[in-house]
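*Asks:* Model the full assembly from the supplied sequences, consistent with the hints where possible.
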Amino acid sequence: AQSVTQPDIHITVSEGASLELRCNYSYGATPYLFWYVQSPGQGLQLLLKYFSGDTLVQGIKGFEAEFKRSQSSFNLRKPSVHWSDAAEYFCAVGAPSNDYKLSFGAGTTVTVRA
Amino acid sequence: DSGVTQTPKHLITATGQRVTLRCSPRSGDLSVYWYQQSLDQGLQFLIHYYNGEERAKGNILERFSAQQFPDLHSELNLSSLELGDSALYFCASSVGGQGAGDTQYFGPGTRLTVL
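Sequence lines, in order, name chains A and B.
Taken in order, the first sequence gives residues 1 to 114; the numbers are from my numbering.
Taken in order, the second sequence gives residues 1001 to 1115; the numbers are from my numbering.
What the hints contain is simulated information worked out from the structure, not anything from laboratory work.
Cβ atoms here follow ideal geometry from the backbone N, Cα and C, with glycine treated the same way.
Pulled a few chain A residues facing chain B out of the computed Cβ check, cut under 8 Å:
id: 1; residue: Tyr32
id: 2; residue: Gly43
id: 3; residue: Leu44
id: 4; residue: Phe90
id: 5; residue: Gly94
id: 6; residue: Asp99
id: 7; residue: Tyr100
id: 8; residue: Lys101
id: 9; residue: Leu102
id: 10; residue: Phe104
Pair by pair, the computed Cβ-Cβ distance ranges are:
id: 11; chain 1: A; residue 1: Ala29; chain 2: B; residue 2: Asp1001; range: 34 to 40 Å
id: 12; chain 1: A; residue 1: Phe51; chain 2: B; residue 2: Thr1015; range: 41 to 47 Å
id: 13; chain 1: B; residue 1: Ile1012; chain 2: A; residue 2: Thr55; range: 43 to 49 Å
id: 14; chain 1: A; residue 1: His82; chain 2: B; residue 2: Arg1018; range: 42 to 48 Å
id: 15; chain 1: A; residue 1: Ser97; chain 2: B; residue 2: Leu1039; range: 26 to 32 Å
id: 16; chain 1: A; residue 1: Thr12; chain 2: B; residue 2: Asp1001; range: 27 to 33 Å
id: 17; chain 1: B; residue 1: Ser1080; chain 2: A; residue 2: Gly62; range: 43 to 49 Å
id: 18; chain 1: B; residue 1: Arg1018; chain 2: A; residue 2: Ser26; range: 32 to 38 Å
id: 19; chain 1: A; residue 1: Ser52; chain 2: B; residue 2: Gly1028; range: 23 to 29 Å
*Replies:* Structure (structure tokens):
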């Protein structure tokens, strides 16, 4: 079965600083990989996804993620954080062999300080 | 705004009761997914319907059931409620039936509190 680990429960970053959120997955082959963001009181919004091809994926809101097969990782990055990026971020994995069900990590809460 | 609507936004009920949560997918989307987000279990996939038929099942309790109607809206029925069922329940929709293979658009959720 597939699983996702987000090692960091909470990250605090200064506005304008860079941000990197870690995600590791467990799966026998290359799964579909996703990053979602959840702002307070809101549903989840898809930031980006990786199915195959170029391992550096560009998403919305200036985010990017890099798939590293050797490390089973799919880390999310943003070069310069804005106060509006304060939210909870979820990494998710899905696979054809598991009926394409989405499995989510526990989430990382990002706090942005002025 | 994702285009997915969920009602009600909040629901407070007592243990042993039964509730129904409703979801309307985005226009043109044939798939509806239900997820539960709780403090102890995190975000978990419950069930997926595609064009009225069950497509995949996750960690959905036997006390819970869902269906998708001909107009494609979906309902999640929760019965014999327990304190541990208190959670945020999300609905998502997508155009196709490929689950994670499709982009899923999430609604704002229904917060269920069981007292």
